[in-house]
Every structure is written in C-alpha cells, then in structure tokens.
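Colleague: Listed below are the residues making up each chain.
2 protein chains.
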Amino acid sequence: MPTTQRIAGSFPLTLGGSLPEVEVAWEEWGDSSLPGERTVVVMPALSASCHAASTTDDPTPGWWEGMIGPGRGIDTDHWRVVCASILGSPFGSTSPLSIDPRSSHPQKRYGPRFPQITPADQARGHALLLDALGLNKVHAIVGSSLGGMQVLEFAAQFPNRLSRWISIVSTGRTTPGTVALRRVGRAAILLDPDFLGGEYELDKGPARGLRVTRELGTITYRSRDEFNQRFRWEPEPPFTPSAASFEVEQYLAAQGQRFVQRFDANCYLLLSKCMDLMNLGYGQKNYAEGVLRITAPGYVIGVDRDMLIPPTEQQHLAHLLESHGRPVKFEILSSIYGHDAYLKEYDWFGPRIAAFLAGA
Amino acid sequence: MPTTQRIAGSFPLTLGGSLPEVEVAWEEWGDSSLPGERTVVVMPALSASCHAASTTDDPTPGWWEGMIGPGRGIDTDHWRVVCASILGSPFGSTSPLSIDPRSSHPQKRYGPRFPQITPADQARGHALLLDALGLNKVHAIVGSSLGGMQVLEFAAQFPNRLSRWISIVSTGRTTPGTVALRRVGRAAILLDPDFLGGEYELDKGPARGLRVTRELGTITYRSRDEFNQRFRWEPEPPFTPSAASFEVEQYLAAQGQRFVQRFDANCYLLLSKCMDLMNLGYGQKNYAEGVLRITAPGYVIGVDRDMLIPPTEQQHLAHLLESHGRPVKFEILSSIYGHDAYLKEYDWFGPRIAAFLAGA
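Protein chains in written order, with the working numbering: chain S, 123 to 482; chain B, 123 to 482.
What the hints contain is simulated information worked out from the structure, not anything from laboratory work.
Bear in mind the structure is a predicted one, so any value in this text is a computation, not a measurement.
C-beta: ideal position from N, C-alpha, C; glycine also.
Take these hints with a grain of salt, some might be off.
What the hints assert, rightly or not - Simulated coverage check for chain S against chain B, where a stretch passes if three residues somewhere in it have a Cβ under 8 Å from a Cβ of chain B:
id, segment
1, 293 to 301
2, 309 to 318
3, 340 to 348
4, 368 to 382
5, 388 to 399
Unchecked claim - Residues from chain S that face chain B, not an exhaustive set, calculated with beta carbons under 8 Å:
id, residue
6, L137
7, Q238
8, R305
9, V306
10, G331
11, E337
12, F353
13, W355
14, P357
15, F361
16, T362
17, P363
18, S364
19, P432
One chain only, chain S, in its complex shape (with noise of 0.2 Å):
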C-alpha cells in the first residue's frame, strides 16, 4: 500500500487559487537508505497511479512493472526508485476525491469544485515529496504523457534538483490538435445524465460517459495498424447501431468497462483539461524561455505511430534545446502500439532507459 505524505500549508497553483493542504501517496522500490544522487523519480501519466511496479507489500504487477525492478530499464539494484500518485488522481494524492478542508460542516469532497490544476503544479506535488524526504537533487526524472509533462515542468521549475531527465511521449506545449480530441472525451461525460454537474454520488457516476471517452482514449493510445492486425475484419450479427459487431469494438467496450472500476468522472475531466493546459511557456516571456529554463541533460523520445501527442511535437521540443546549446538526446520510435509504446516495447526501451541513467 502507498504511504501518504500530508503537506500542510497553503499550496498556490499556476492559474490562481490554491489548495489549502496537500497530500501525496507514492511507494518506492530498491534501497531507501540510497541518497538523491542514486534516486529515480518516475512520474505517471494519466490513469497511472504510485504503483508503478509491484511491491513486498502490493504484489501486483504495477503499470511499468516491465521497467522498473532488478535488472530492468530502471534497475532497483542500483536505484531507489520513487513514484507518488500525481495531484488531481484518484490514486490517493490530494484530487476532487479528496475532503476539501475549507467546506462547511459536514465537509464534502471537492468534486466539481476542485480547482484546475496544470502540469506546473503537479510537478511542485513532487518537489513538496522530495523535500519531506529529504532529497534536495535527484538523479532522474522519468514520464511518459502527462508523465513526461511533469518532467518538463520539474525540469524548468527547479533545474538544480536533478541531473538528468526523460521525456516520453509528451509536449512542452499542448497543441490544437490534441486539445481537439481529448475536447470530445470530455464532452461524453458531460453528456451522462448521471454526472450531475459532477454532483454525482462516487457509486452513482456517470459510468456509460466515462466508458465511452475511455473508448475514445483507447483509440489515440494505439494505433490504426495495431487495432488491423490485432482485430477480426469480419463482423457478426447482430448488425444493429448499438451493437459491438466488430471484435475491435468488443475489445474498446472491455477497455472502458475496466476503467471506470478505476477512475473517477470528475478527476478525469480535470486531468484531461490539465494535459490541454500544458505549455512551459505560461507566464514567461515567450515559450522558448520557458523551455530554456531546462538546463539538466535531457532524453525525449517520441513514437511513429503516436496519434495523441506525434513526434513532431517531442521533435521541435529537442530541437528547441538543442539549438540553444542545451544537451539533449532525441529518438523516434516505430511501433504499432503508438502513444502506449512505453507500456509495451520493453525491448527497445529498456536498454536505453538504463544507458542513459547510466550517464550515456
């Protein structure tokens, strides 16, 4: 099971407001007693909780259980490794799941009522983790999607706490056409009488709408050549609107069924209009100088086939910091599990991963 770390304090976010108390859940993995200079911080993505990988005391396989352990990309016999929960999930961080201090009695959950958070202070959940455990600097920040945005953040808000990053998968600066479809996954759960305005009771949520963007989701993490070569072509009856003929839609409705036994409607819509709001150039003068506030060597990393966030977008991040002299590494990887890779292609991950923690 995770710790939780209580922060008290107030915590002021990126947009205004602030949250008047934090709380941040994360397990870690190889020798705690290793100082921060043998320390690897991995941040999740979006549906991804603490448990990244299987513990003594949660046996199950975490989400990156093929990365993280004895001998992996990021070897627990030569790292601690910590992950936390990130601020606005249900995996047991502060989130809309959370009691808001500030309500009347009886006190009610934040819900709808949560303010919108960004990368930038999902990232500062982190840096509020390190100095309760007493890791001024790190060695390593690793994420993917959400994940590597709050790599990006942490890397540009306090440059000397780490030596080295890992950006998978992400973007210093969400783009139109990104926004366009996470804009529709947002919308079908709107769009569930039973969400209420967000009002909803946690075992009465807007279950269909929740499926049906994990659907969608499902769809921008893959890819069309996967889901061809994967799936039967042929359909079966029944041939009605609202049926699952085809096995590619059987394996989507199984993918949202899971997720919603997981989630939460009102951290999704947050999380998701957080990944929109990604962009390291917020309140600097340009984006280019909210990017060359990294100054740690970098890796970032993109996949071919990546509909949600392409490599276009990790390509002119790379190519931003390297023009500026800044030390960086950038690789394309062709993979029919697009935006998922990261889940799937230990293989070519692995090695990498573990070269360049090494100092490669």
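Chain S is already provided as a structure; the job is to place chain B on it using the hints.
Modeller: Frame of chain S; chain B shown alone:
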C-alpha cells in the same frame, strides 16, 4: 427543390428483410435531354444531400459547388449530371424519417426500426432511379467517402451500366481502425438521455449527443496539421473542463451545432453502421472475387492525411484491381484537409476528374 421518384414494389436488402417501397429524391444539372453516355451520376457521402450544386430552382450553393458547373471538373456544359439523396439520409429519400407503410394506423415513421442497410443497398437505390429515368447505362459514376463506397458497389453489381467510375477517400472493405472511430461517434448519440431508444419526437431529438458525434466526425474528416496551422495555440479563460478554452474547441462546437440543425440521429446511426458494413466481399467467395466483379475503368484517389479511411485502403483496392488486369488509375493527394480534401482542393481534383471523364 429535388424531384422525388417513388418506386413501388418491395426492395430487398443485403442483410435480409426488405423495404415495401422506396422513394428517391434527386436533382440534375446540364442538358436533361442528353443520353446515358453523356450522363455522370454523383453519389453523396454521409452528410450530403442530392443538392450537390446550385440550380435555378434552388440557387443555394451545393456541397460540391466547386466541382459541378459550366467549365468545372464535372462540366455541365458537356455532361448531364444526376445526383440522388442516398437511402437512409434525411434528405428526401426513404430513411428513418419516412412513414413506414407497414405500420398500423396511425402510421408512424420508421425511426429506430428502419432495417440496417449497406452501401450495396444504396447502390441499388441509385440503379432504380436510373431505371426510372430510362438510363440503362451512364458514362460515369463519382463519389467520395460513403459516396465512393456506393460507386464501388454499383460498379460491382452493375458492371454493364457504366463506362467509368471514380472513387475518392473510400474503401472496398471497412477496417477495424475505422470502425473504432465510428463506434465512439455512435456511442455519443446513444448516451444522450434525449435519444430515448430512437423514439424521440423530431424537434426533441438527442441534439447534444449528435453535436458530440459531429465534433468527433469533424476531427476525423480534417487533420491535425490543419488544426495546428489554422487555430490559435493559446487558450483563453475560463479554464474549466467544460469550457471551450481553445479556438479549435469553439470551431468544433460550431460545426456540431450546424449539423444538428440539418441532420437526424436515427439516420446518422444507420448510415454510420452502413459504412462499417461496407464489404465488396459480402456474399462472395472471398473479398477478391467481390472486387473483381468491377470491370469498367476506374480512378481511385486517396489523401495522405486522411485519418478516417487512409490511402493504404485505396492503394490495396487499386492494387488488387491492377493485379488482375483491371484498368485502374491510382493517385494520392497530399493535403492538410485530410478526408475532406475533395470538398476543398478543387484546383487539384477538378482537372483530374475532367480529364478522366473525357477518357484520359
């Protein structure tokens, strides 16, 4: 205003069952005394009516105004042009909006009880109109997207009734990668509490769900590159999950709103599933046998950024035809307009279609 042709007698359907009668709404341009060998038939896509271009009766621009007219790609100074609204669409031909003649008194619209049709049925709808017009054989049939599917089905079912065909951003068989996207569009309609299992009153239909469906459709009809070069990258407050903070969101919302004013949810569901069920191999020994019923010279066009029916699908079709000695020309257009390029890139399409119609 379109002319409506009523065709009495049972109309059997590909998947079983029948319609007791069929009405076909259609318009025409050019010299109506021209014979079949000087006639070009245009077949509409999902959201298009028979009003493909302006007429004296109805001077409002049609959906292919830039293609059909004097001196245009389909030159009405040379060709008689005929276009019929497709079966299942809300534009005058038999559809879920039609009164079911088999229903008991007081008679009701088909609504959600309209039998599932396929592009093969729609192609036979076009053939019935040609019968009624006394056109045994026409010079060419042309269509894009679902219209291009009807073209392929017509050419396969009635190889002696055409001299040439043009199929744009279409496919001979729908693949799982496309089904996935359409499924989510249908799910948004089904989510809307006003859908009522399809039994809504026409002025109280599932407008919110249909809007979301069209927003997703619009994304798949265009391209990320277009959105990223066309719309502002900076969001404007409010930054709530339900707000259209980005310009691209306001654009999508406007597209959705326009669509609900002219479309019907039951028709949409029917036509969306109809496209999923496109398969020239249906009822044949195999797919190739179905395709090879096509004998007339054809022109297959794809667009590189087509997210819905990408050019690999047109390439496979053209390759299969060419491999068996069928005369076929294949081209890929590079366009930021993706699937919708046929509605935008008239400078590219116009001369090519004109030349192919002229026998090039």
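Colleague: If you test the structure against every hint from before, which numbers come out violated?
Modeller: none
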